[in-house]
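Colleague: Residues per chain are reported as follows:
Protein chains: 2
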Amino acid sequence: MTALRGWVECAPNFSEGRDAHVLAALRRAIESAGVKLLDRTADPDHHRSVFTFAGSLPAVENAVLRAAETAVEKIDLASHRGVHPRIGALDVVPLIPLGDTPFDACVAGARRIARRLWSQLEIPVYLYGRAARSPERRALEYIRKLGFEKLRLSADSPGRRPDVGGPLPHPTAGAACVGARGFLVAFNVELRTADIAAAKRIAGKIRESSGGLPAVKALGLRLATRGTVQVSMNVVDIDRTPLHRAVEAVCAEAAALGVEVVRGELIGLLPRKAAEQTTAQALRLDALTPNMVIEDRLGLD
Amino acid sequence: MTALRGWVECAPNFSEGRDAHVLAALRRAIESAGVKLLDRTADPDHHRSVFTFAGSLPAVENAVLRAAETAVEKIDLASHRGVHPRIGALDVVPLIPLGDTPFDACVAGARRIARRLWSQLEIPVYLYGRAARSPERRALEYIRKLGFEKLRLSADSPGRRPDVGGPLPHPTAGAACVGARGFLVAFNVELRTADIAAAKRIAGKIRESSGGLPAVKALGLRLATRGTVQVSMNVVDIDRTPLHRAVEAVCAEAAALGVEVVRGELIGLLPRKAAEQTTAQALRLDALTPNMVIEDRLGLD
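In the order they appear, the protein sequences are chains A and B. Counting with the numbering used here, you get residues 12 to 312 for the letters of the first sequence. Counting with the numbering used here, you get residues 12 to 312 for the letters of the second sequence.
It is worth saying that the hints were derived from the structure and are not from the lab. Mixed in with the good hints there might be a few duds.
A pair counts as met if it fits within one copy or between any two copies, since identical chains are not told apart.
Under the rule of at most 35 Å between Cα atoms (straight-line distance), these lysine-lysine pairs were calculated in the DSBU-like manner [claimed, not checked]: (1) K284 x K216; (2) K47 x K156; (3) K284 x K47; (4) K47 x K85; (5) K85 x K156.
Predicted, not measured: the structure shown is a model, and the values here were computed from it.
Please model the complete structure; the sequences and the hints are all you need to start from.
Modeller: Dropping the structure here:
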């Protein structure tokens, strides 16, 4: 991992999942900063997109600022409707250390991004994860569940003031959550039903906050364009709950409700360990390691 | 794969799975020929070992000959008892093309190895797979199920004559099967029972030859040292039956008999595609590709 000294991954979420022109503009803004774009996922029902990229911390910070500028210009939250909770045009900005990069570097980077978002674009920022200024702000949910509309009316109230700038959100671009965290896997499971209650019930059963699986967050969301619903998950620590266990749990709960699973959907990227855990479990192996795979042993791509 | 132009994989099976000195001597013999040793698996109940290595065709041919010389010197089939069928001290020698290497090169290599085994060591050879001289000799089973003891009494009978040398096997080293084939996955599933009938019944249900899964070969074998039994499989084409389907089928048949699965065991190496198929299926993804895995996208080992 020495080749990645000082590198950081960043996976900003934007409140735009439909307009190809806006998505292309966001992509150009990100790539113009000299980072390596690894993935882009957009969903019309969520009306949301995630760009995953990596680079040196200064390049990553610049990429976030350039993309934020584009988001302010192109996205108007006042007319934005989607099924995924959001408070901003540039909604969430996680910095994830790669290789030997220390968490402290990502925390400092998140705070620099926060100051620049406010000073250059008038976007107030909530710091979260390792960059949070108080324990109750470590998790995103405290502020995110409000949504842009409620936040506009209450950002000045106690406990809801932004950490940087504000208190009121930007009139069209809202506010942003910026933080540092470890790698997480974002994964959705689509169900062959239009019954949103089924998705919400399954999400309620599997998420840690209601007594489900450790390190699993889950929401039930409606996918209007597909006429189905999905369980949308974050697995924030695959050592506590491997991804395949979370997927199995959704499938088992769905089966118990008599609901068929359409497919799984990865948002962003998978750490190799998650794939290895999954293969080992399915094949009843104690572990799968790269030295068991012929292409890895021969040093092939 | 251009880095592997002309390279061949070889996975010879030896009738020695217990004596560490003999295994070390076989290893030295193979490595002295300048090939890259990728894996070695030995099983005391099978009393059998598999060395997996890769290299240029001339180096691979030399490695087989040097290991055969060691096997003739150290292994006496007259006193060898194991649960796995075998006809020789060096029992089976498959050549598998890597990268752009054509099958014809492996066929020619197998035939050269056959001539050298006979002329230098007096080991008669049955050619199999793509190197077979007649369609009925493509599959190994026709000769292998006899075992060394029966073969000694009948190798001169019609239909059992070796393709090269013989007809009688070497008095202590027997005969060898040498061939060219595509990649196969050798995989065992251990069952928590001493009832060999259960393993044989499951093997009979899942193998292609008795109406089971396409491209799957299976045997039920006793593991005396562990007090258990296993279903020992070869999946010869993971596009026809993915490995995880074969493992699932064994688990399902075991469950139907009320027998618990102890573990899966890979013999040799796994093609990356088998791991990707398994992960995709368990996560309900259409496919898993390297561009979905962060370490692969960043070009990390």
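Colleague: With reference to the structure, classify each hint as holding or not holding.
Modeller: Going through the hints against the structure:
1. For the homomeric pair K284 and K216, the shortest alpha-carbon distances inside one copy (25 Å) and between copies (34 Å) are both at most 35 Å.
2. For the identical chains of this complex, K47 and K156 are intra-copy neighbours only, at 31 Å inside a copy versus 56 Å across copies, given an alpha-carbon limit of 35 Å.
3. In this homomeric assembly, K284 and K47 come within 35 Å of each other (Cα to Cα) both inside a single copy, at 22 Å, and across copies, at 26 Å.
4. Taking the shortest Cα distances, K47 and K85 sit within 35 Å of each other inside one copy (23 Å), while across copies they are farther apart (56 Å).
5. Taking the shortest alpha-carbon separations for K85 and K156, only the intra-copy value of 24 Å comes in at or below 35 Å, while the best inter-copy value is 72 Å.
Violated hints for the displayed structure: none, as all numbered hints are satisfied.
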